[in-house]
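Listed here are the chains, written in short residue letters.
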Amino acid sequence: MQKLKDIQQDKSVLVIGGGVGGIRAALDLAESRRNVVLIDKSYAIGGLMTQLDRTFPTNNCDLCTVSPHLSENTRQIHLELSPMTQLESLTGEAGDFKATLVTEPRYIDMDKCTACGECYKQFPEAVRFTPGLDPRAPTCMRYPHATPYAFSIDMEKVSDIAALQKVCKADAILPEDTQKRTTVDAGAVVLSIGAELFDPAALDNYGGGRFDNVVTGLEYERIMSASGPFQGDLVRVSDKKRPKKVAWIQCVGSRGINRADVPYCSGVCCMYALKEAMVTKERFAESIETTIFFMDMRTYGKDYEQYFNRAKDDYGVRMIRCRPHSIVQDDETRDLSITYTTEDEARHKTEEFDMVVLSTGFRVPESTRDLAGRLGIELNTHNFAETDHFNSVKTSRPGVYVCGVAESPKDIPETMVQASAAASMAAADLPAVMDVLDTEEDFPPERDITGEAARIGVFVCDCGLEIGGVVDVDKIVASVATCADVVVSQTVGYGCSSDSMRVIEAAIKTHHLNRVVIGGCSPRTHETKFQDLMRRAGLNKYLVEIVNLRDQNTWVHIGQPEAALDKAYKLLQIGISGVRKNRSLVDHTLPMNQNALVVGGGVTGMTAALQLAGQGVKVYLVERNAELGGMATSIRRTIEGDDVRSFITQLVKDVTKHKNIQVLTRSIIVDHSGVPGLFKTGIQTGLRMNYMQLAHGVTIFATGAVANRPDVYGLGTHDNITTQLELDALIEDDPEKIKAMNQVVMIQCAGSREADNPNCSRVCCQAAMKNALRIKAISPDTQIFILYRDIRTYGFYEDYYKQARDLDVKFVRFSVDNKPEVWIENDQVSVFVDDVILGRKIQIETDYVALSTGMVADDETTEDLAMMFHLPRTTDNYFLEDHVKLRPVDMSVRGIFIAGTTHSPKTIRESITQAYAAAGRAQTLLAKKEINLGAAIAKVDGTKCAACLVCVRACPFGIPFINEDGYSQIDPAQCQGCGICAADCPAKAIQLLAFEDDQILAKLDGLFGGLN
Amino acid sequence: MITAEQKPLKEIIEYISPYNRILLVGCNECVTVCAAGGRKEVGLLASALHLNCLKQGKTIEIKELTLERQCDPEYVEELVSEIGRVDAIVSMACGCGVQSVAARYKETPVFPAVNTKFMGASVAQGIWEERCKGCGDCMLGITGGICPVARCSKHLLNGPCGGTSYGMCEISPDVECAWCLIWERLKALGMEKRYEEIMEAKDWRPAGGGGPRKIIREDLSL
Amino acid sequence: MENFEPEIVAFCCHYCAYTAADMAGSKRISYPPNVKIIRVPCTGKVDAIHMMKAFEKGADGVYVAGCLEGDCHFKNGNTRAGYRVAYVQKILEELGWEKDRLAMITMSAGMGERFARTAREFTEKIKELGPSPIKQFNTDTHQQAAG
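Protein chains in written order, with the working numbering: chain A, 1 to 1012; chain B, 1 to 222; chain C, 1 to 147.
Hints were generated in silico from the structure; no laboratory data involved.
Mixed in with the good hints, there may be bad ones.
To be verified - Label-pair ranges, simulated between beta-carbon atoms:
(1) Lys-99/C <-> Ser-172/B: 46 to 56 Å
(2) Met-199/B <-> Gly-682/A: 48 to 58 Å
(3) Glu-562/A <-> Glu-121/C: 45 to 55 Å
(4) Leu-65/B <-> Leu-590/A: 37 to 47 Å
(5) Glu-366/A <-> Glu-121/C: 57 to 67 Å
(6) Lys-618/A <-> Lys-99/C: 33 to 43 Å
(7) Glu-121/C <-> Gln-662/A: 30 to 40 Å
As the list claims (entries may be wrong) - A short list of chain A residues far from chain B (calculated; beta carbon distances all over 12 Å):
(8) Arg-242
(9) Ala-285
(10) Pro-591
(11) Ser-815
(12) Arg-887
(13) Thr-943
(14) Lys-944
(15) Cys-948
(16) Arg-953
(17) Lys-988
Said to hold, decoys possible - Covered stretches of chain C (chain A as the covering partner; in silico rule of three or more C-beta atoms under 8 Å from a C-beta of chain A):
(18) 19-30
(19) 105-111
Where is the CB? At the ideal position from N, CA and C, for every residue including glycine.
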């Protein structure tokens, strides 16, 4: 376990729960140089995510995406990790809590345990066992690269302690270990305890827990997972045969009113069912028939609608809108039959399936209520943490924050956003960080390898089935073992797991290696990790070459194992040949600029600016309009009933008077240069458009989206055909007019979820509920029709949907191929719509039509900014974050963050959460006093230089110049590392370090070694 | 600066076709700057020659070397160790360099890989224009710093011909009329009067009319 | 040449094309395994000599894949790469090689599908052109010897 080395601050933040949310919050705080104690009641951290097979929408393997996050933990000097630990009590107040913690005995000295597994081999009964589908011998290591990497003993089951102790060669068994009680001085608490998944055994109609071939979504993930019970083979539990027909039933235990049901929507099940169906076809067999029984398809997240479309159109996943009553099992074959109806047929149908997956959602366990009591925070009616209407991470007790599913059902990206937001809020409760530099992690001195002959080690990951499932890794390893200079060549399982890292480190030392090739996933995600490994092993970090065997080989050649094998071999040859030419290089560093630029003066931008300014950061808040406020100024009330205007007025007041914020309205960005940590952005500001250059270390884009006004359903042709925004204002300003209305029609998805704007605007369903309920409150007799395709009131918004139904709001479903029509005759507006239940067209003479038009990206703004800042965008012109799952507010350019509707459509509350998250992520960077520019810079050989000026002219940044000695000079601190000068130099006097010509040519040699 | 352009590959290939071992020599002076024969071009030409041979199922040995300056005997001397090992030399220097190499290594055939073009200046990245004919009797002092010998298509000395049109020469709309430039420049300098002075017929002997030229600095000679 | 499987080198810039290739991976969009990627920070780093050497060493096709026009992380590296590709194409033509064995392709980081599609199209084109002239000779003589 890491001990706290840095005790400048005596206050810590206590993070409860070691799932992805807790880990993210803890890492953010540690990176911001705040001390963190991360506790988890389990013996290893990682939470639910580590049990998933792959995550939507990228269908990546979770272990791979989460593992870099897990091991980061162990290297953070501000982070103390306490597994098997729970909070007993919390006294004091924000900024000055005393937390009492109780740690259960592990009976193992974690500093000594090497996780060799010997104890478990000899005394399997003495280890705790992961319940569920896992038929393999019980193991207390929850997943292949558990953190901390050590076993734990269930002492009650040990009969012969002496014998157990004898088995352990590391002498790590501590039979005398006892429960420990400690107190922590905490400035704030972050609660990230997640929730449980509903156990369908509580229902008697679906056979959950009784029928072998009925599994929950999570169990299905475990079956498909490489670390699961069948080693990643999709088979039925009953006969271990590959299923031919798999069905999913949605909303099991959720969105219900029956016994054991909860009324809310679990928010993630639609996406995970689609994912599981797609992965089934993709990984196992195209021919497996997949069917999803659903009520409303809720793919409301960023680009999720396109994911849904892919499932339907590209993968042929069958979608049936029906909630089946029950599942019947054939006792002999263990096949399952489902009886259902469809909208277009009155009769029941019965169909056989080999397997049925129950899409179960989140449940708050009893233990949460206890913990809430000990923390002194309130829970809502569904027993999730009650939070502020304008701040989703703030609980009822000041200084206690919540993130992830403990707050409400949500998926991983939203959990990550809340985690960063909670971390940012918690950091603000601590005294400001002192300006003292941390001592860097203690890496051993680098070995000078000059003059040494190349001694290369090749380590190939099987990455579970991700690589090993497509190509024979042992075969590859054996074939490259014979290559020149290769001293070691071996398979390392999950190469990025802490045990494999240790194996590689040991091999480097034992074999005196001076070059390393890793065959695994993309260097884009894992290079840093292996570079750190090199440093730990006493080698320069540029002596490793990562060969992309997964993302660019096995993932794209699943169906061609032979070709993939051949390609893997060749790619490794490229790596081996290339690494021979790698040299030890030195990174360049520069002092970091501590100012922040926030672009966009809406709610999101103002929130982020205030949060950073509160931490002593000087903030430039740039807004192109004359006034602050943004899109939210056109909204009057939230669904919770809060007055948006007064909220914004207060926010504007706070921002304007804050001494650390310089508000620049009527300002547009005109140019941008610099490197992360030292950005320079030019703006034209004020009525006279004066030019001004801002120097800043980080940038947050909160430029928002724009309200959509599509030319549909007669919008703009009649005063009584408007958008929900106008209805919102009308309800507030002219209730008399509302009272006079007999019939109001709302049409959902107006201009969204169609070919020209394929995504869901997310906010419209809750906006329709909000306005419908407000109309009903003013005028109960007004009839309201909501014409919809799917009602997407995710999470607790479902409560409002139910209220609306209870108040007799009429919901009429239509399909995209058969949309309603709006007619105007003699100034009378009528809506025609096919009613699927009545089976005929109905006409509604209406006083008012409100179209749910949602929002679209601010194309022009994102395009300009994307060009200037070199940022990627999605196909529908929102900014594209660095990692849609794990880094939802970080852009690929370090130091640039996004928040609010510039990321994707979302509510005010969700935008505010993202604003705090972006501020929090920015703080992690601002906590550093210097920035690392890397080593990939252009270097001039003065003896070869002809002073021809080509580099001076070709450099896009104007960095090279001809020095007094008459040759070109390039400032390493300013060089951006593109290599354009190196390629253009007619004297070949310039090399781009880390990408030198001989390295590139050596790679070509490696590839074609067999041909020439 | 002396400018040059690479010869068509066909011509170079023809020169070296009888040989198997080639010494390809670049020059780090003018031809590097005008991207005709520096280290980079040497590499590219070598590669092109290899490709050509490989296509015919042959291989060829090419030794690449770039000298600081091919027109100085000391630098040329650096090739001496390679001479016995090659069948022919291809020089990517200007004509001066090619001849210096040929003069030093009499037993080995030497072929040019570039066409030496003119004495010129770089007007922008990748563009060079002729500026000097080496006439041996510079008159820039009276023509406003613009040379009619090098830049007038007809080398006229007393104003433009009838082919001048809106400041451009009749040979091409891309070529400026040197005499228009001279006039504008003199006007800007307030020296219009100069234009009126008639220049006598030019003595072309210093320009080479009297045979190959030579410069001797006795004070520097050893 | 029936079962001709060309060897293709793709110089991909880190910020766009290489990321797009990873994206194709995470979306499991298949493309021909003939394409082998060499990562460079920017296509502006790809020297004419790298393209030539790739052919010299045995590539049947080479392409340089960078960011979309105007989207280069380093302002104009992709444009410069485009010029160099055109220059090397001229050399190839002079040598009697098909210039289409070399190409410049642009895409953004999010375009996994475009990466896969262009890789497929380029591979198809090279298959049509047949093995590199270097290998064609080898095969010809081989066939003669066999015949």
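Okay, the hints, checked on the actual structure:
1. In this structure the supplied range 46 to 56 Å is violated for Lys-99/C paired with Ser-172/B, their Cβ-Cβ distance being about 29 Å.
2. In this structure the hint that Met-199/B and Gly-682/A lie 48 to 58 Å apart at CB holds, the actual value being about 54 Å.
3. Take Glu-562/A and Glu-121/C: their Cβ atoms lie about 23 Å apart, and the range 45 to 55 Å is violated.
4. Between Leu-65/B and Leu-590/A the beta carbon distance is about 40 Å. The supplied range of 37 to 47 Å therefore holds.
5. One distance hint, 57 to 67 Å for the beta-carbon pair Glu-366/A and Glu-121/C, holds here, with the actual separation near 59 Å.
6. The hinted range of 33 to 43 Å is not satisfied by Lys-618/A and Lys-99/C, whose Cβ atoms lie roughly 55 Å apart.
7. Distance hint check: the CB atoms of Glu-121/C and Gln-662/A are about 51 Å apart, inconsistent with the given range 30 to 40 Å.
8. At the 12 Å boundary, the C-beta of Arg-242/A stays outside the reach of chain B, the nearest C-beta of that chain being 51 Å off.
9. Under the 12 Å C-beta cut-off, the non-interface status given to Ala-285/A relative to chain B holds; the minimum distance is some 46 Å.
10. At the 12 Å boundary, the C-beta of Pro-591/A stays outside the reach of chain B, the nearest C-beta of that chain being 34 Å off.
11. No beta-carbon of chain B is positioned within 12 Å of the beta-carbon of Ser-815/A; the least distance is around 60 Å.
12. With a least CB separation of 40 Å from chain B, Arg-887/A remains clear of the 12 Å interface cut-off, as annotated.
13. Chain B draws Thr-943/A into its interface by the beta-carbon criterion, the shortest separation being 9 Å against a cut-off of 12 Å.
14. Consistency note on Lys-944/A: stated as away from chain B, yet its beta-carbon is not over 12 Å from all of that chain's, at 7 Å minimum.
15. Some Cβ of chain B comes within 12 Å of the Cβ of Cys-948/A; the nearest lies about 4 Å off, and the non-interface call is violated.
16. Its beta-carbon lying about 4 Å from the closest one in chain B, Arg-953/A breaks the requirement of being farther than 12 Å from that chain.
17. Listed as a non-interface residue, Lys-988/A fails to keep its Cβ farther than 12 Å from every Cβ of chain B; the least gap is roughly 4 Å.
18. Remark: the segment 19-30 of chain C is confirmed as covered by chain A, as 10 of its residues place a Cβ nearer than 8 Å to a Cβ of that chain, reaching the required three.
19. Counting residues of the segment 105-111 of chain C whose CB falls under 8 Å from any CB of chain A gives 3; the rule of at least 3 is met.
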